[in-house]
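Sequence lines, in order, name chains A and B.
Mapping of the first sequence onto the numbering used here: position 49 corresponds to residue 53, and the numbering continues sequentially without gaps.
Mapping of the second sequence onto the numbering used here: position 289 corresponds to residue 293, and the numbering continues sequentially without gaps.
There's no promise every hint is true.
The list makes no distinction among identical chains, and a pair is therefore deemed to hold if it is satisfied within one copy or across any two copies.
Claimed, not checked - Taking lysine-lysine and the DSSO-like style, the derived pairs with C-alpha atoms no more than 30 Å apart in a straight line are:
no.: 1; residue 1: Lys-179; residue 2: Lys-130
no.: 2; residue 1: Lys-277; residue 2: Lys-337
no.: 3; residue 1: Lys-109; residue 2: Lys-153
no.: 4; residue 1: Lys-218; residue 2: Lys-128
no.: 5; residue 1: Lys-321; residue 2: Lys-173
no.: 6; residue 1: Lys-33; residue 2: Lys-321
Derived from the structure by calculation, the hints contain no laboratory data.
Bear in mind that the values here come from a model prediction, so they are computed numbers and not experimental data.
Here's the letter readout for the chains.
Number of protein chains: 2
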Amino acid sequence: MAKAKSKIKVKKAAGNGGDSWVTYRPEIKILDCTVRDGGLMNNHNFDDSFVMAVYNTCLAAGVDYMEFGYKADKKIFSPADYGRWKFCDEDDIKRIIGGEKNKMKLCVMADAERTDYHHDILPKSKSVFDCVRVATYIHQIPTALDMVKDAADKGYETTLNLMSISVVKDSDLNKALDVIAKSDVGTIYIVDSFGSMYSEQVRDLCRKFSSAMKGTGKQIGIHTHNNQQLAYANTIEAIINGVNRLDATIDGLGRGAGNCPLELLIGFLKNPKYDIRPVLECIQNVFLPLRKKIEWGFTIPYMITGQLNEHPRDAIKLRASDNPDDYIAFYDKMIE
Amino acid sequence: MAKAKSKIKVKKAAGNGGDSWVTYRPEIKILDCTVRDGGLMNNHNFDDSFVMAVYNTCLAAGVDYMEFGYKADKKIFSPADYGRWKFCDEDDIKRIIGGEKNKMKLCVMADAERTDYHHDILPKSKSVFDCVRVATYIHQIPTALDMVKDAADKGYETTLNLMSISVVKDSDLNKALDVIAKSDVGTIYIVDSFGSMYSEQVRDLCRKFSSAMKGTGKQIGIHTHNNQQLAYANTIEAIINGVNRLDATIDGLGRGAGNCPLELLIGFLKNPKYDIRPVLECIQNVFLPLRKKIEWGFTIPYMITGQLNEHPRDAIKLRASDNPDDYIAFYDKMIE
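So that you can see chain A by itself, here it is in the shape it has in the complex (with noise of 0.2 Å):
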């Protein structure tokens, strides 16, 4: 129904000049992230069942990549703090996919400065997962792109992923995508940590990010917050820019106002190996038992952090608080 309906034209959005309602572009792929940014609401607290449902929900759905959480560094974080999904050793992993591989390939993210990627990153020939993605502030790069490198001479398909690109200015972004251009990454993601880009900012990064790429074979990526109720709309407005790599996770969840909804981007995309049907499934029985445990997606003081560009900490600090709804005196705090 949703491929019926999709309308996207995919050669003009893909700067061909064409204008077809009929195809679809099938360098698109889907990266579902729900375990590793929902992973932030309760510490990466995830039970194994909750897992599996996720996993088997994406294999139903066709979806290209999946993502269970972080490579953190035990010795910066316990533990006995934080859920496996916070560390994913390669046996907590291969318990959910059920020893078999699939054609859906598995990521894992790697902190810049926070991961002993020499150490637990394993050749990829002793690891079940087939991506590694480089998460870095701008500050970060050298570190992230020497991580990336790790990563790729061990085999895996690597990707570097720019958090909060909203308040990274010109020239240094400049600076970043000219050595990025050179390095071994396979992917650049524009990240909007703080979810408060606007439409006609997406598309001039996604120009620039592209201009920058150009020749390199290197894919352009893009991971979205609903902190304006624009995750989704920022993610159209990429792929109609030419990004091809796009995250999303079941109903949205992840950090505070959450991530773009995959249901919704299932209904936008029009390549028929995308189903919705096992998302909607998923979310009926899984998901919404889940929002009476744990909180996430848009609420107004979101909105406040969005709209200032400013890191959504504050607001989460308060959604976990005694007076969750108290918009005027965080709004006035913020404005201070």
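Please build the complex by placing chain B on the supplied structure of chain A, with the hints as guidance.
Here is chain B on its own, set in the frame of chain A:
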């Protein structure tokens, strides 16, 4: 705060070739239709205190127009079955505004074929209303234009709100725009009743409407629904494409998935006459309690009807049933 952060490049957005972050488009006007569209969720049974709260909030927020409800024909709709905002008698409005007009203009909606307009719409000199908004389906255009003429002759500003635009054939729309361009109407509204439109469709319609109205002095407006979490994004897309009349509602209150939230829209606009704080205060004090009485806003069933480009009536029915979260059964029924 929102003002300082608002990111619209006004001149570029207006197609003037500029690229300024520090100006705004003074022609943009916000119309609050909280009470009118929200009334579709409770048969217009809002008590006076609620309507007064919305009125005072809109005033304080700098909203340009406020709409209270419909001028429904009492021979068709019994006042025993509906609240007073289905009929918007002059005395009811006067009681809300305290008998005193101010710079915020007051609107009422008149549905084609469901309004005894010759009788129920008074001459403007005898009315508190400034603007009559005629809601019409494509096949009712002749009636709607007669209603527009009647209202214009009586001294009102007028709008023509073309509903369910996502199922109107291009050829029919072209003919409709031809006659509308020659009519007395002041503003022609694009109404995405089903919340099914994507940004590229919004862009194309805005351009088509603007082109058809060129040289007539008529304004273009947009009214969106949030079935696919695109109400705000599509309103921004319309702004970028030159649309100056924007419908919004406090907390997104409106039929089904609701409308473009006023608090998000004010975050995007930069005109210093708008103030977000009173809106946040009203949401906290009035709308959070209201959410315990009536439901509105994005849920999966509305997403499904939006993706299918269908009227939300089946989703509304589901949400009011004993199984509001049986997404799979609903999905299977809708794609049958």
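Reference check for the pair Lys-277 and Lys-337, CA-CA at most 30 Å: within, between, both, or neither?
Answer is between; shortest inter-copy Cα gap is 22 Å, intra-copy 48 Å.
As a check of your reading, is Lys-321 near Lys-173 (CA-CA no more than 30 Å) within one copy, between copies, both or neither?
For Lys-321 and Lys-173, the Cα distance is within 30 Å only inside one copy (28 Å; across copies 49 Å).
For Lys-109 and Lys-153, with the copy left unspecified, which applies at a CA distance of at most 30 Å: within, between, both, or neither?
Cα proximity of Lys-109 and Lys-153: one copy only (20 Å, versus 62 Å across).
Same-copy or cross-copy closeness of Lys-33 to Lys-321 [CA-CA at most 30 Å]:
Close neither inside one copy (34 Å) nor across copies (35 Å); limit 30 Å.
Intra- versus inter-copy proximity for Lys-130 and Lys-179 (alpha-carbon distance at most 30 Å)
neither (35 Å within a copy, 66 Å between copies)
Up to 30 Å between alpha-carbons, please classify Lys-218 paired with Lys-128: within, between, both or neither.
Within. Shortest intra-copy distance 28 Å satisfies the 30 Å Cα cut-off; inter-copy 62 Å does not.
In this structure, the earlier hints numbered 1, 6 are contradicted, and the remaining ones agree with it.
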